[in-house]
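Student: Take the given structure of chain X and dock chain S to it, following the hints.
For reference, the chains in residue letters:
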Amino acid sequence: MLELKDFRTKVHNDWCPGCGDFGILNAVQMALFELKLEPHQVAIFSGIGCSGKTPHFVNTYGFHTLHGRSLPIATGAKLANPALTVVAVGGDGDGYGIGAGHFVGTGRRNLDFTYVVHNNGVYGLTKGQASPTLPKGLRTKSMPAPAIVQGVNPLATAISAGYTFVARSYALDVRHLKETLKAAVLHKGSALVDVLQTCPTYNDINTKEWYAGADLPTKAPRLYKLEETGYDGKVKDPNDTNEVYEKKGQAIIRSFEWGDKIPIGLFYSIQEPTFEDMLADRMPAYKEVPLVKQDMFHRDVSPLFESLA
Amino acid sequence: MGRPDVNLYPVPYQDVLLGALKETGHEKELSKYQVMANTVAFGASVALIDYDFDIIAEAIREGFTGRKAALGELNVRAARHGYDYMRKTFQDGFAYKLHPVPSKEKRMVIRGVQAVGIAKFKAGCAFQTYYPITPATDESEYLENHQRDYNIVVVQTEDEISAVLMATGAAHAGVRASTSTSGPGFCLMAEGLGWAGHTEAPGPVVILYQRAGPSTGLPTRSEQGDLQFVLHAGHGEFPRMAIAPGDPVECFYDTFDAFNHAERFQMPVVVIADKFLASTYRTVPIFDTSDLKIDRGQMLSEADLDARPLYRRYEFTPLGVSPRTIPGTRGGIFHTTGDEHDELGHITENSENRVRMMQKRMRKLELAAEAIPDSKKVNFFGPRQADVTIVGWGSTKGAILDAIQDLEVDGVRCNFLQVRYMSPFPTELVNQYLSNAKRKVLVENNYTGQLGGLIREHTGIVMDYRVLKYNGRPFSQNEVYEGVKDAIKNGTKEVVMAHA
Chain X
3 MLELKDFRTK VHNDWCPGCG DFGILNAVQM ALFELKLEPH QVAIFSGIGC
53 SGKTPHFVNT YGFHTLHGRS LPIATGAKLA NPALTVVAVG GDGDGYGIGA
103 GHFVGTGRRN LDFTYVVHNN GVYGLTKGQA SPTLPKGLRT KSMPAPAIVQ
153 GVNPLATAIS AGYTFVARSY ALDVRHLKET LKAAVLHKGS ALVDVLQTCP
203 TYNDINTKEW YAGADLPTKA PRLYKLEETG YDGKVKDPND TNEVYEKKGQ
253 AIIRSFEWGD KIPIGLFYSI QEPTFEDMLA DRMPAYKEVP LVKQDMFHRD
303 VSPLFESLA
Chain S
419 MGRPDVNLYP VPYQDVLLGA LKETGHEKEL SKYQVMANTV AFGASVALID
469 YDFDIIAEAI REGFTGRKAA LGELNVRAAR HGYDYMRKTF QDGFAYKLHP
519 VPSKEKRMVI RGVQAVGIAK FKAGCAFQTY YPITPATDES EYLENHQRDY
569 NIVVVQTEDE ISAVLMATGA AHAGVRASTS TSGPGFCLMA EGLGWAGHTE
619 APGPVVILYQ RAGPSTGLPT RSEQGDLQFV LHAGHGEFPR MAIAPGDPVE
669 CFYDTFDAFN HAERFQMPVV VIADKFLAST YRTVPIFDTS DLKIDRGQML
719 SEADLDARPL YRRYEFTPLG VSPRTIPGTR GGIFHTTGDE HDELGHITEN
769 SENRVRMMQK RMRKLELAAE AIPDSKKVNF FGPRQADVTI VGWGSTKGAI
819 LDAIQDLEVD GVRCNFLQVR YMSPFPTELV NQYLSNAKRK VLVENNYTGQ
869 LGGLIREHTG IVMDYRVLKY NGRPFSQNEV YEGVKDAIKN GTKEVVMAHA
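Chains as they are written, first to last, in the numbering used here: chain X, 3 to 311; chain S, 419 to 918.
Isolated chain X, as found in the complex (with noise of 0.2 Å):
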């Protein structure tokens, strides 16, 4: 029998006290444990940041790759063998950022795989510079001057991109986080979930007390599910364009609503054929055995030396 443990590694683990990587972590190995799958069928990949080490503190194959690039790599390897599940992880630098390329290329595809981004508004491993979801005006405490460019929204770019489960988590609520990740893990296609996290070392306005909404005069939180507003994300015939537009729409909307409210949960999910059915489309023996183990060494090439003698 399988426990949560044996998804442990013995490795050191060296993230700041309190930082809401631990949530993340914890949830991303509950998630792999309560969907009973086995550590050797998993491989997770990460880039660069705080968020980069995840790999190293999980028992599945791991691969710690480079700033903003775990998507091609972790594509490449889930196409090699379709039978893994992959996961990659990184911070909001990291894929919104550098990788944004790849953050959009990889959602294009539809690969069947699961993006675990670690959302803090932060460079937290270069000491706290502004990072790509960091709102315009924000200054946290050690820029010198505040952020004088938009921050980007994710989740609208991750459905305009293609990806097709896009969520949104909070790194404390763990609960609710590994319940998303597993949804996410689940669904056959490129799933993001956006995490909400808290740094507690560089980003002193969006602290633990600010997303409990200690400064409101309400003092109640700012976080709400969106699936207890009677909001629902799915699309239920994605051949009924109309329903499709709909369900983008809102949750595109939806997804620009910061400041004293802001939504966690479900935003866009919608059933299409991955990368991995397209190829199959092509090459029939894709879908019926991994590439990886396919026998490639005894092709017969002469046909194509015949087709230009």
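Keep in mind the hints are simulated off the structure, nothing from the lab.
Check each hint, because a few of them may be wrong.
Stated by the list, open to error - Taking CB as the label site, the calculated pair distances span:
| id | chain 1 | residue 1 | chain 2 | residue 2 | range |
| --- | --- | --- | --- | --- | --- |
| 1 | S | D722 | X | Q296 | 13 to 23 Å |
| 2 | S | L728 | X | N15 | 13 to 23 Å |
| 3 | S | D724 | X | R10 | 15 to 25 Å |
| 4 | S | D577 | X | L188 | 22 to 32 Å |
| 5 | X | R10 | S | G654 | 28 to 38 Å |
| 6 | X | N15 | S | Q716 | 24 to 34 Å |
| 7 | S | D713 | X | K227 | 52 to 62 Å |
| 8 | S | D722 | X | L188 | 32 to 42 Å |
| 9 | S | G715 | X | Q296 | 15 to 25 Å |
Every value quoted in this text rests on a predicted model; they were computed, and no experiment measured them.
Built from N, CA and C at the ideal position, the CB exists for glycine as well.
Tutor: Just chain S now, kept in the frame of chain X:
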């Protein structure tokens, strides 16, 4: 023109074309069929060299199939009119005649991109990535055209950063993987190449079709300007292999070998070709594949792993290569990182570990050097003792071999050292061939004589003369001949050729 070696043959293309159109009732549509004047010229040229018209008629028909078949017939007729006009009007006997060469051997007409593509299929490559770029794209499209028959995944990526890393991810996941590009794309791959080298990925194989740079340069032209870049691309020090084939035959065998190297020595392998090699047709015997053997290097199965208490992906071994596992294998879990890492693939800044890991990775190049036969590292043509030793690499091979014959006729005895492995560099072999050479003439399609620099770096041997060309065009036989003559007769240290 006033040149005794140039004959002028006036051909009234319009009139000849009109004659052809009249026969089929198309004479009113001259403007529509204007472009067929080219076919008239083609037919006229064929007559001049006394080639068999039936063969070229067949070739024209092959170009116009299906709905275009009628157009093909019209073109054959236009060619025939050009051919007949020439035969009738000029009977002075053109000096050069071409006839089909009878051959028992089965031959084919092949370009570098096709030779590389077929080698990839033969080597078991299952994964190809690319971002569109001249002149490399043809190879990826060739692979994709045969995707269904050979089960190869071909992915057009968002950029070349993604291309090299996606292939690296696939290689780590257990399939043979490659990407193909040209200079600008290879620039974007530099960081990824370092990650592949540092994480000891069993690939990818990168095919670099050099074009004239820098930046956009002469994007459809050829140059040998990226040799030193290939050897140094990426920051820090990591092992890589680099092979430079000189013709489509070597493109085939070197590409095949590259996949074995990548998996045996767990490092990226770059095959350095160029635009000229990529797209120039050559007639060659069908490649013999009977001796080609797949070697996937050391891999552990679940049964192997059962016998081990703990699997270490980066285990220190005497030869530097650690046995690998394929993700998905029970008991084979590994971690890897672009950070310096311990045997388990976890981050460490321990100084002793750093030294051992650097040595482990770099030692694999020595292992590769021992494993590769000398006959593949360099080619040496001509007598061991000669007046002149020509030194070159890559696509200049053909022009140099042809020029050597012309130089012989002039009484200049030549031999030719073609360096094929750039990393690991065949230092001893090059030393052997060059240390006693009388006059060493470097021939390169670039400005700085990059191979000359590399030879000096490894052996201390300095080229006596350099014949260089960097106008984006490949060397011709004449240019090598003239360049070498200029160097040795006039003592010109550096000859720059610039024929278009």
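Student: May I ask which of the numbered hints given earlier this structure violates, with the numbers listed in increasing order?
Tutor: none
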